[in-house]
Every structure is written in C-alpha cells, then in structure tokens.
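So you can see what is in the structure, the chains are spelled out below.
Number of protein chains: 2
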Amino acid sequence: MALRTGDHSQAATNGLKEKVLTLDTMNPCVRKVEYAVRGPIVLRALELEQELRQGVKKPFTEVIRANIGDAQAMGQTPITFLRQVLALCVHPDLLNSPDFPDDAKRRAERILQACGGHSLGAYSISSGTQLIREDVARYIERRDGGIPADPNNIFLSTGASDAIVTLLKLLVAGEGGTRTGVLIPIPQYPLYSAALAELNAVQVDYYLDEERAWALDVAELRRALLQARDHCRPRALCIINPGNPTGQVQTRECIEAVIRFAFEEGLFLLADEVYQDNVYAEGSQFHSFKKVLTEMGPPYATRQELASFHSVSKGYMGECGFRGGYVEVVNMDAAVQQQMQKLRSVRLCPPTPGQVLLDVAVSPPAPSDPSFAQFQAERRAVLAELAAKAKLTEQVFNEAPGIRCNPVQGAMYSFPRVQLPPRAVQRAQELGLAPDMFFCLRLLEETGICVVPGSGFGQREGTYHFRMTILPPMEKLRPLLETLSQFHAKFTREYS
Amino acid sequence: MALRTGDHSQAATNGLKEKVLTLDTMNPCVRKVEYAVRGPIVLRALELEQELRQGVKKPFTEVIRANIGDAQAMGQTPITFLRQVLALCVHPDLLNSPDFPDDAKRRAERILQACGGHSLGAYSISSGTQLIREDVARYIERRDGGIPADPNNIFLSTGASDAIVTLLKLLVAGEGGTRTGVLIPIPQYPLYSAALAELNAVQVDYYLDEERAWALDVAELRRALLQARDHCRPRALCIINPGNPTGQVQTRECIEAVIRFAFEEGLFLLADEVYQDNVYAEGSQFHSFKKVLTEMGPPYATRQELASFHSVSKGYMGECGFRGGYVEVVNMDAAVQQQMQKLRSVRLCPPTPGQVLLDVAVSPPAPSDPSFAQFQAERRAVLAELAAKAKLTEQVFNEAPGIRCNPVQGAMYSFPRVQLPPRAVQRAQELGLAPDMFFCLRLLEETGICVVPGSGFGQREGTYHFRMTILPPMEKLRPLLETLSQFHAKFTREYS
Chain A
1 MALRTGDHSQ
11 AATNGLKEKV
21 LTLDTMNPCV
31 RKVEYAVRGP
41 IVLRALELEQ
51 ELRQGVKKPF
61 TEVIRANIGD
71 AQAMGQTPIT
81 FLRQVLALCV
91 HPDLLNSPDF
101 PDDAKRRAER
111 ILQACGGHSL
121 GAYSISSGTQ
131 LIREDVARYI
141 ERRDGGIPAD
151 PNNIFLSTGA
161 SDAIVTLLKL
171 LVAGEGGTRT
181 GVLIPIPQYP
191 LYSAALAELN
201 AVQVDYYLDE
211 ERAWALDVAE
221 LRRALLQARD
231 HCRPRALCII
241 NPGNPTGQVQ
251 TRECIEAVIR
261 FAFEEGLFLL
271 ADEVYQDNVY
281 AEGSQFHSFK
291 KVLTEMGPPY
301 ATRQELASFH
311 SVSKGYMGEC
321 GFRGGYVEVV
331 NMDAAVQQQM
341 QKLRSVRLCP
351 PTPGQVLLDV
361 AVSPPAPSDP
371 SFAQFQAERR
381 AVLAELAAKA
391 KLTEQVFNEA
401 PGIRCNPVQG
411 AMYSFPRVQL
421 PPRAVQRAQE
431 LGLAPDMFFC
441 LRLLEETGIC
451 VVPGSGFGQR
461 EGTYHFRMTI
471 LPPMEKLRPL
481 LETLSQFHAK
491 FTREYS
Chain B
1 MALRTGDHSQ
11 AATNGLKEKV
21 LTLDTMNPCV
31 RKVEYAVRGP
41 IVLRALELEQ
51 ELRQGVKKPF
61 TEVIRANIGD
71 AQAMGQTPIT
81 FLRQVLALCV
91 HPDLLNSPDF
101 PDDAKRRAER
111 ILQACGGHSL
121 GAYSISSGTQ
131 LIREDVARYI
141 ERRDGGIPAD
151 PNNIFLSTGA
161 SDAIVTLLKL
171 LVAGEGGTRT
181 GVLIPIPQYP
191 LYSAALAELN
201 AVQVDYYLDE
211 ERAWALDVAE
221 LRRALLQARD
231 HCRPRALCII
241 NPGNPTGQVQ
251 TRECIEAVIR
261 FAFEEGLFLL
271 ADEVYQDNVY
281 AEGSQFHSFK
291 KVLTEMGPPY
301 ATRQELASFH
311 SVSKGYMGEC
321 GFRGGYVEVV
331 NMDAAVQQQM
341 QKLRSVRLCP
351 PTPGQVLLDV
361 AVSPPAPSDP
371 SFAQFQAERR
381 AVLAELAAKA
391 KLTEQVFNEA
401 PGIRCNPVQG
411 AMYSFPRVQL
421 PPRAVQRAQE
431 LGLAPDMFFC
441 LRLLEETGIC
451 VVPGSGFGQR
461 EGTYHFRMTI
471 LPPMEKLRPL
481 LETLSQFHAK
491 FTREYS
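Note that the protein sequences, when read in sequence, are chains A and B.
At position 90 of the first sequence the residue is numbered 90 (the UniProt record's numbering), and the sequence of numbers has no breaks.
At position 113 of the second sequence the residue is numbered 113 (the UniProt record's numbering), and the sequence of numbers has no breaks.
If you're looking for bench data, these hints aren't it; they were derived computationally from the structure.
Here the structure is a predicted model, which is why all the values come from computation and not from measurement.
Be careful, since some hints might not be right.
If chains are identical, the list can't say which one is meant, so a pair holds when it fits in one copy or spans any two.
[Unchecked claim] Cut-off 25 Å, straight-line C-alpha distance, at most; resulting in silico cross-link-like pairs (SDA-like, lysine to any residue):
| no. | residue 1 | residue 2 |
| --- | --- | --- |
| 1 | Lys58 | Pro365 |
| 2 | Lys391 | Cys254 |
| 3 | Lys291 | Val362 |
| 4 | Lys57 | Arg138 |
| 5 | Lys57 | Ala434 |
| 6 | Lys291 | Val279 |
| 7 | Lys57 | Thr294 |
| 8 | Lys32 | Ile125 |
| 9 | Lys490 | Gly283 |
| 10 | Lys32 | Arg478 |
| 11 | Lys342 | Asp205 |
| 12 | Lys32 | Gly177 |
| 13 | Lys291 | Leu43 |
| 14 | Lys342 | Gly432 |
| 15 | Lys476 | Asp99 |
| 16 | Lys342 | Met296 |
| 17 | Lys105 | Thr77 |
| 18 | Lys342 | Leu43 |
| 19 | Lys476 | Arg404 |
| 20 | Lys342 | Gln429 |
| 21 | Lys105 | Pro421 |
| 22 | Lys105 | Arg222 |
| 23 | Lys490 | Leu23 |
| 24 | Lys342 | Leu441 |
| 25 | Lys490 | Gln203 |
| 26 | Lys32 | Arg179 |
| 27 | Lys342 | Asn200 |
| 28 | Lys58 | Ala384 |
| 29 | Lys57 | Ala400 |
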C-alpha cells in the first residue's frame with residue numbers, strides 16, 4: 001500500500017485533483033455492506049499468524065480459525081470418491097490408470113460425455129450441465145419421498161451464495177418507489193444482510209427465541225411483518241434450516257406454520273437448506289420446505305413460491321473451495337423463471353469442477369458399486385465426528401459459569417450466550433467496539449482462538465454471543481473449549 | 001414447464017391471487033438486461049440439436065456453435081501441463097504416481113502448501129491464494145518489462161466477468177441523484193451493457209471506426225462524453241483490447257491518447273485485456289494499459305486509476321469452464337480498495353481449481369523443466385492455428401460480395417458487415433426482428449451455423465453485422481465460411 005499512501009500525501013501537499021473513486025463517490029450501498037465472518041477479527045487473525053511465522057512471541061503457538069465453516073481447512077480429509085471422479089474428469093488420461101475404481105471411471109466418462117467437447121474446459125449451459133441437473137432432481141425426489149422434481153427448475157450455482165443473491169436480485173425492485181423488504185432471522189448468516197445492503201433493500205429482522213433453543217415463532221414473524229409494512233414492501237421470507245449461526249433444526253409443525261404464514265401474507269419463501277445433511281440431535285430430523293409444502297396440498301402445493309438452496313461446501317463433503325451449489329425453484333412464475341435464466345446467462349456458467357462434485361454428492365455410489373463401502377464409511381465417519389463435537393461443545397460450554405449454549409442440533413456452529421460484566425461493556429464502548437467484539441478480540445490476542453462476535457449476526461439488545469464452529473479436530477476441540485471457558489472466567493474477574 | 005403453465009391457466013380460471021414475483025413486480029433493472037451471446041438464437045440452436053438427436057430431417061447434419069468463444073467446446077484440446085497440475089492438486093494420491101512429470105508434482109505440492117488444510121476444498125482468502133497472487137504479480141512484471149506489480153493490488157475472480165462487475169458495482173452510485181455513466185465501445189461485449197442495466201447505470205456509447213479497422217478515436221470519445229454529461233455523471237471508460245467482438249489490436253499511440261483523455265476528463269479506466277495472448281496480425285502487438293500508463297510517467301503513472309482484467313478462459317488455455325481470472329487495480333484509493341476487499345469477502349472466494357489453472361498459466365514451465373518442450377509446443381500450436389483461422393476468415397469473407405470483414409488482428413472473433421436487401425429489412429420489421437437477427441435465424445435454420453447478430457453488440461444505425469468465432473477446427477472452418485457466404489448470396493437474391 002506504500003505507493004498509494006505515498007501519492008495520497010503527495011496529492012495533499014501539491015493539491016492534485018481528487019481520485020475518481022473515493023469513499024465519498026463510491027457506491028454508498030457497497031459501503032453499508034458488512035460481513036463479520038471475514039471481518040476485522042479475521043484480518044487480525046491473519047496478522048497474528050504472520051507474526052507467529054516471523055517468530056514473534058505470543059501466549060499461544062497457533063491461531064485456531066473457528067470463525068468459518070471450512071471443514072477441510074480444519075483438517076477434514078476429502079471424500080475419496082468425489083476427488084477420484086473429479087481428477088478423472090480434469091485429466092482424462094487417467095481413465096486408463098489402474099489406480100482408479102471402475103465406478104469412478106464410469107462416472108467420469110458419463111459426466112465428460114455431457115460436457116461440451118467432452119471437456120470441463122468448455123462452458124456448460126448457464127443453468128448447469130443438463131445431466132447434472134437431472135441427477136440433482138433425482139436426489140431431491142429420493143430425499144422428499146418421491147415428490148417429483150423438474151430439472152428445468154434447478155439452477156446450478158457458484159456455491160449457494162451465488163444462487164441466494166440471484167433470487168434476492170429478482171425480488172428487489174431496483175428503481176424508486178417503496179423499497180422492498182426481506183424478512184431474515186436474527187441471528188442470521190451475514191450473507192443476507194450484506195446482499196440486502198448492496199441491493200438497497202430493507203432488512204426486516206425477526207428474532208429466533210433463544211429461550212426455546214432458537215425456535216422460530218410465527219407470532220414473531222407477524223410482528224416483524226406488520227411493523228415493516230409501515231416503511232417498506234416486504235416480499236420475501238428467508239429461513240435458514242438447520243440454523244446458521246444458531247444450529248437449531250426446525251420441526252415439521254413449525255415449517256407448516258411458516259408456509260401458511262408466507263402464503264397468507266404473500267411472501268416468497270427462501271429456504272437456505274445447505275446444512276440438510278448436518279443433523280445430529282436425538283429426535284431432530286431435516287424436513288425440506290419443498291416436501292412439507294407439497295404434502296400440505298393445494299393451495300400451498302400449487303401456489304406458494306419457494307426457492308431452496310443447497311451446496312457442496314457443507315454436509316459431509318466440506319468442499320468449500322470448489323464453489324458448487326444449486327437452487328430449486330418451486331411454483332415460480334414461468335416468465336420470471338425465463339428472466340432468471342437470462343440473468344444467469346450473463347455470467348456464463350457455474351464452475352464445472354463444482355458441478356462435478358455436486359453430481360457425485362447427489363448420486364453417491366450404489367451398494368453394488370466397488371466404491372460403495374469406502375464412500376459410506378468415510379461419509380459416516382465425518383458425520384459421526386461432527387455429532388460428537390456438537391455434543392461436546394454444548395456440554396463444555398454449559399459447565400462454564402456465565403456461558404449458556406443451546407443444543408447444537410444441526411449445522412456446524414455453536415452460538416453461546418456470554419455474560420459480560422458492565423465494566424467490560426463500558427470499556428468496549430470507550431474503545432468504540434461492540435462489547436462482544438471487544439471480548440472476541442481479547443480472546444484472540446490472548447489465546448489465538450478466532451471466533452466471531454454475535455453482533456456480526458445480530459442478537460437481542462443487551463445480549464452478547466459469539467459463533468464458534470465445531471470443526472476443529474477432536475483432540476483440539478476439548479482444550480479449545482476449556483481455554484475459551486477459562487478465558488471468559490478470567491475476563492469476567494478482570495472487569496468485575 | 002407443463003405444470004407451471006398448468007396452474008397459470010388454473011389461476012386464470014378460478015381467479016387465484018397473483019404470484020408474489022411476476023414480470024410486473026420483479027426487479028425492473030433485471031428485465032432490461034440482455035445478453036445476446038446466449039440469447040434467443042442460441043436457445044433455438046439448442047432446440048435444433050435436440051431435433052437432430054430425435055432424427056428430425058434438417059438441411060444440415062450438425063449445429064456449429066460459432067456464437068461463443070468456447071475453444072474446447074470446438075475441439076481444442078487442453079494444455080497437458082495445466083491439467084496435470086490440477087489433477088494432482090485435486091487428488092494428491094497421484095503425487096506418488098509415475099505417470100506425472102516431476103515439475104507438475106513440484107508445482108502441485110507448492111500450491112497445496114499454500115491452501116488451507118493443504119486442500120483445494122478449503123476456502124482461499126477472498127482475494128485469492130496469496131502465493132498465486134504473487135505469481136500473477138511476477139507474470140505482470142515480466143509482461144510489462146519489469147514494471148513492478150503488487151500482489152495486494154491483485155484480486156483473483158470467478159472468470160474476468162466477476163471482477164468486471166465488481167468494479168462497476170463500486171463505481172455506480174447505488175442511491176438516487178444523477179445516475180452514473182460508463183463509456184463502452186460500440187460494438188461491445190454485452191457483459192457491459194447487461195451489468196450496467198442491472199446496476200441501473202447509464203451506458204454511454206462510443207463508436208469504433210469500422211472504416212479504420214475498428215480503430216478507437218479520441219474525438220469520438222470526447223463527443224460521447226460531452227453528450228452524456230447532459231443527462232448523467234460519466235465516471236468510467238471501458239476499453240476492450242484486443243477487441244471483442246471486433247478483433248482490433250490498439251496501437252501504443254492510441255492507448256496513450258486514451259489515457260491522457262481519461263486523466264483530463266476524470267474517468268476511471270477499465271481495461272478488458274482478456275485476449276492479451278491472442279494477437280495474430282503482422283505488426284500488431286499487445287500493449288497493456290498498465291505498462292503504457294506507467295511509462296508515460298507522472299501524473300498519469302501516479303494518479304490515473306486503472307483496473308486491468310485477465311482470464312484463463314481465452315488465450316491459448318481456453319479453460320472457460322473453470323472460471324478463473326483476475327483484476328489488477330492501479331492507483332486505486334486505499335480506502336476504496338479495502339471496501340472492494342470487503343465486498344469480495346461476502347462471496348467467500350473464487351473457485352480454487354480456476355486459481356490453480358491461473359497459477360500455471362502465469363508461471364509456465366521454465367526451459368529447464370521436463371514439461372517445457374511439450375508445453376511450448378502445445379501453446380504454439382494453438383496460437384498458430386488461431387492465427388491461420390483469423391487470416392482465412394478475413395480472406396474468405398472478403399471474397400464474398402455484400403460481406404466486408406476487417407482484419408482479425410486479435411481475440412477470437414470476426415465481426416463482418418453484411419449488406420441486407422431492403423425487402424429483407426422490411427420483412428424483419430414485419431416479424432418484429434432486428435434485420436441481422438432475421439438473417440442469423442434464417443442462417444441457423446438452413447445451415448445449422450449459429451452466429452450472433454450485430455444488434456446484440458451494438459452497431460451504427462442502418463449497418464448490419466454478425467459475430468462469428470474463428471474457433472471451429474480448420475477442416476470445418478473453410479466449408480463453414482463458404483456455406484455462410486453462399487447463404488448470404490442466396491438470401492440477397494431471395495429478397496431482391
């Protein structure tokens with residue numbers, strides 16, 4: 001940055017004209033965007049890692065990044081079959097190699113046949129390779145007990161985020177008039193607040209009930225909607241199930257109530273279901289909005305508009321870097337769907353390697369396939385370890401005075417509530433920091449543990465939380481949880 | 001679509017309430033978006049391929065997609081070394097395989113060391129893997145004769161399109177007030193018109209001079225700018241060099257004049273340089289805006305804001321499907337650059353496989369490496385064949401009466417001008433089609449050749465063109481060019 005800073009001061013001294021693009025002249029909507037998951041706390045974590053590499057002495061030997069759901073960065077090994085198929089697609093000479101199982105080869109050949117020029121280097125059609133969208137449709141049908149899925153309603157995407165932003169773009173009126181409101185849960189995954197800020201739409205907060213394990217309450221949805229109608233036109237309702245950052249799994253009854261509410265109030269449903277494979281708690285089960293809505297029958301089944309999002313980044317795959325995902329749209333107006341198709345085409349196509357991994361994830365090896373046993377064993381091992389980590393996290397945190405953690409029923413995060421002493425809150429305010437940001441920064445500086453303050457996700461006024469992933473390897477997770485609890489006790493003493 | 005059409009009519013008959021999201025209620029900016037490269041003509045081409053597969057008789061046996069710069073779809077084989085390194089990164093077990101050269105293995109190990117958890121499945125930092133941005137910086141320094149490049153000014157992206165849209169987002173004021181204008185060439189690559197429509201910015205057209213081989217004339221830039229200032233605030237100037245769809249390569253003198261103009265008028269320069277490896281014509285040479293601007297010295301070198309875009313989709317690589325690219329920003333305000341960093345972070349990271357291919361493309365094997373000879377041979381072969389196709393295309397078209405084609409000095413497209421008889425123009429208007437759309441649709445129906453009408457890129461009133469890629473394999477290209485010329489002659493007779 002030296003050079004730029006250099007000519008800044010130069011500009012100041014010899015009064016050269018201002019730059020074209022400055023904080024004052026840039027898109028003000030972009031300025032309003034915030035994304036805590038990669039915010040200041042993570043930038044500081046990067047600096048600390050740098051300092052450790054340079055041999056600077058710290059009270060810790062490594063920075064543990066529990067800020068983001070990035071399983072493989074935390075040491076989770078990729079599922080062998082996914083990578084075998086992708087390697088074969090990337091470098092088809094390997095189709096002659098004895099080191100790859102036949103089912104991986106058959107799978108790769110089948111995918112390559114469906115690619116332009118039989119190569120991943122060709123663009124796919126903008127909605128994603130036809131064959132893969134058909135495989136996704138079959139997956140959805142199996143998941144939903146045979147309810148039909150139409151490949152024409154499935155759009156592959158660059159991770160789920162890309163598809164979520166596409167739907168929000170369609171829903172938000174881009175010109176004058178009353179601004180569009182979108183209901184999102186609080187706490188939320190900050191992609192939603194960021195995208196709504198960028199699109200100059202109104203974020204309408206509905207609060208999840210922490211006292212009832214982050215349950216979604218329709219009365220609260222109604223409260224939020226009615227208040228919002230005074231100042232914007234609410235048109236969509238976002239649900240994250242299983243919850244991020246809150247880890248709850250919604251009951252079927254709750255989902256039915258939400259669907260009835262959305263239908264009565266004329267809201268487009270956006271169901272973020274990227275953690276559909278990540279359900280751990282006894283008695284918890286994932287119910288897709290598509291399935292529940294269809295089983296509710298008309299008018300819901302035939303009229304309620306829904307978009308459901310999924311991804312290869314989470315689940316047991318954890319293939320975040322490949323940016324694979326999809327959205328299924330249900331009951332979308334046909335003309336709008338053509339507009340969506342057109343909008344997607346401007347960006348040409350989702351990355352083909354992510355499409356390949358998605359294809360394998362939605363159509364894993366069958367019992368008769370040579371890779372079946374290993375695939376199932378690897379998949380089960382990942383999910384079983386996540387379940388154990390979820391339990392351990394809840395348990396250790398709840399043993400700590402001043403920390404309260406709801407059960408991590410699903411997804412990959414705990415979102416414990418922490419009591420912060422008034423003097424700590426006051427000190428934070430003096431420093432111009434949110435109190436839980438102050439806590440998390442101190443935690444990072446003293447222990448190397450990187451978690452994200454609750455203020456980055458939203459929380460009830462006067463409550464403080466942080467989001468911590470359950471992804472660190474077992475042998476690191478327990479000490480990490482204990483270190484964190486001990487730090488909180490020390491922090492509390494310090495400011496009492 | 002049957003089901004959706006079904007409940008539409010049902011809705012009509014029993015008067016159910018309107019859907020939430022309709023053409024009337026959706027984002028009007030999205031409705032205005034157009035992207036001819038994948039527009040109606042391409043959808044029709046897909047239908048024709050379907051019909052051919054179903055055995056429907058046509059006057060042709062295959063559809064030739066000359067509509068999009070998709071080299072591998074047209075049969076270009078991937079560069080072996082790129083795919084070897086990527087396969088090793090995807091499936092590291094292969095690092096023990098004797099079938100891969102040592103330099104590919106060293107390269108893959110080096111990249112994996114730089115990835116979170118040593119895996120492509122981890123997110124990279126949002127601006128792209130540090131190591132790869134450093135390699136890109138060194139590539140730019142070599143390309144520009146040693147002019148320094150700072151990895152902190154380089155942002156990897158999901159193809160160049162993603163980075164171009166990011167810069168446009170920063171530049172357009174998202175709220176009220178005078179709308180922002182962005183100067184783009186006519187003819188243009190329709191990503192620009194599409195992105196500006198979506199962002200509700202004003203597209204300010206400047207015309208390239210067809211009579212002078214699509215030269216860029218500063219007087220024309222000035223005309224466009226002055227007229228635009230009546231109704232918007234022009235803040236950026238887009239240049240596509242080598243030209244898409246027009247294939248010209250700008251002279252150094254022209255680039256200097258454009259930089260002086262941008263500086264005097266206070267315009268941010270966006271240099272689309274994705275075809276920088278694709279220069280064929282005798283005496284033509286690629287000059288990067290960064291190099292010219294720097295060599296012009298202060299104030300240009302120290303003050304003029306510039307963003308330069310590149311990609312792995314074009315060049316000799318043709319790896320479109322992997323969506324790899326980057327932008328280098330020059331003289332960008334430091335605070336704005338942090339805002340850009342933040343905005344990028346919301347979408348997490350560019351796909352890692354595209355980052356890997358970019359890394360190999362910007363740091364190819366050295367003469368001492370085992371893969372050097374093969375890499376160079378493959379690279380040369382691709383570029384030599386493209387050069388031959390460029391010459392052939394210009395030559396055959398210019399032999400045809402009523403078709404005039406400027407030299408294809410660079411990029412991957414010809415943009416010939418076609419004379420259309422008044423009665424054809426009239427017939428098109430009766431059908432509500434642009435005359436060159438009418439011509440291209442007839443061409444497609446009768447010959448299976450898919451090209452994009454000039455109206456999709458913009459052209460002077462009353463002139464007609466089409467864009468055709470030079471990518472079909474040699475043995476297909478000559479007959480294709482002749483068939484197209486003959487069809488034009490027949491079409492002309494038919495409407496005379």
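Comparing the hints with the structure gives:
For the homomeric pair Lys58 and Pro365, neither the shortest alpha-carbon distance inside one copy (47 Å) nor that between copies (40 Å) is at most 25 Å. Taking the closest pair of Cα atoms, Lys391 and Cys254 come within 25 Å of each other only inside a single copy of the chain (24 Å); across copies the shortest separation is 66 Å, beyond that limit. In this assembly of identical chains, Lys291 and Val362 lie within 25 Å of each other by CA distance solely inside one copy; the values are 17 Å within and 48 Å between copies. Taking identical chains as interchangeable, the C-alpha atoms of Lys57 and Arg138 are never at most 25 Å apart, the minima being 55 Å within one chain and 32 Å between chains.
Taking the shortest alpha-carbon separations for Lys57 and Ala434, neither the intra-copy value of 28 Å nor the inter-copy value of 70 Å comes in at or below 25 Å. Taking the shortest Cα distances, Lys291 and Val279 sit within 25 Å of each other inside one copy (17 Å), while across copies they are farther apart (54 Å). When the C-alpha separation of Lys57 and Thr294 is checked against a cutoff of 25 Å, the pair qualifies neither within a copy, at 59 Å, nor between copies, at 41 Å. Taking the shortest Cα distances, Lys32 and Ile125 sit within 25 Å of each other only across copies (21 Å), while inside one copy they are farther apart (34 Å).
In this assembly of identical chains, the alpha carbons of Lys490 and Gly283 never lie at most 25 Å apart, being 37 Å within a copy and 72 Å across copies at closest. Taking the shortest Cα distances, Lys32 and Arg478 never come within 25 Å of each other, neither inside one copy (38 Å) nor across copies (55 Å). Taking the shortest alpha-carbon separations for Lys342 and Asp205, only the inter-copy value of 23 Å comes in at or below 25 Å, while the best intra-copy value is 31 Å. Taking the shortest Cα distances, Lys32 and Gly177 sit within 25 Å of each other both inside one copy (20 Å) and across copies (18 Å).
For the identical chains of this complex, Lys291 and Leu43 are neighbours neither inside a copy (41 Å) nor across copies (32 Å), given an alpha-carbon limit of 25 Å. For a Cα distance limit of 25 Å, the shortest separation of Lys342 from Gly432 across copies, 20 Å, qualifies, whereas the shortest one inside one copy, 45 Å, does not. For the homomeric pair Lys476 and Asp99, neither the shortest alpha-carbon distance inside one copy (34 Å) nor that between copies (38 Å) is at most 25 Å. In this homomeric assembly, Lys342 and Met296 never come within 25 Å of each other (Cα to Cα): the closest approach is 32 Å inside a single copy and 42 Å across copies.
For a Cα distance limit of 25 Å, the shortest separation of Lys105 from Thr77 qualifies both inside one copy, at 21 Å, and across copies, at 20 Å. Within a single copy, Lys342 and Leu43 get their C-alpha atoms only as close as 37 Å, which misses the 25 Å cut-off; across copies the closest is 11 Å, which meets it. In this assembly of identical chains, Lys476 and Arg404 lie within 25 Å of each other by CA distance solely inside one copy; the values are 21 Å within and 70 Å between copies. Taking CA atoms no more than 25 Å apart as the test, Lys342 paired with Gln429 passes between copies only; the shortest distance there is 24 Å, against 48 Å inside one copy.
Proximity of Lys105 to Pro421 under the C-alpha cut-off of 25 Å is found in neither arrangement, the shortest distances being 60 Å within a copy and 54 Å between copies. Taking identical chains as interchangeable, the C-alpha atoms of Lys105 and Arg222 are never at most 25 Å apart, the minima being 53 Å within one chain and 59 Å between chains. Within a single copy, Lys490 and Leu23 get their C-alpha atoms no closer than 40 Å, and across copies no closer than 58 Å, so neither meets the 25 Å cut-off. In the homo-oligomer, the alpha carbons of Lys342 and Leu441 lie at most 25 Å apart only across protomers (19 Å), although the nearest pairing inside one protomer, at 44 Å, exceeds that limit.
With identical chains, the CA atoms of Lys490 and Gln203 are never at most 25 Å apart, being 37 Å at best within one copy and 59 Å at best between copies. Within a single copy, Lys32 and Arg179 get their C-alpha atoms as close as 16 Å, and across copies as close as 19 Å, so both meet the 25 Å cut-off. Both within a single protomer and between protomers do Lys342 and Asn200 lie at most 25 Å apart by alpha-carbon distance, with minima of 22 Å and 17 Å respectively. For the homomeric pair Lys58 and Ala384, neither the shortest alpha-carbon distance inside one copy (34 Å) nor that between copies (57 Å) is at most 25 Å.
Neither within a single protomer nor between protomers do Lys57 and Ala400 lie at most 25 Å apart by alpha-carbon distance, with minima of 29 Å and 76 Å respectively.
Violated hints for the displayed structure, listed by number in ascending order: 1, 4, 5, 7, 9, 10, 13, 15, 16, 21, 22, 23, 25, 28 and 29.
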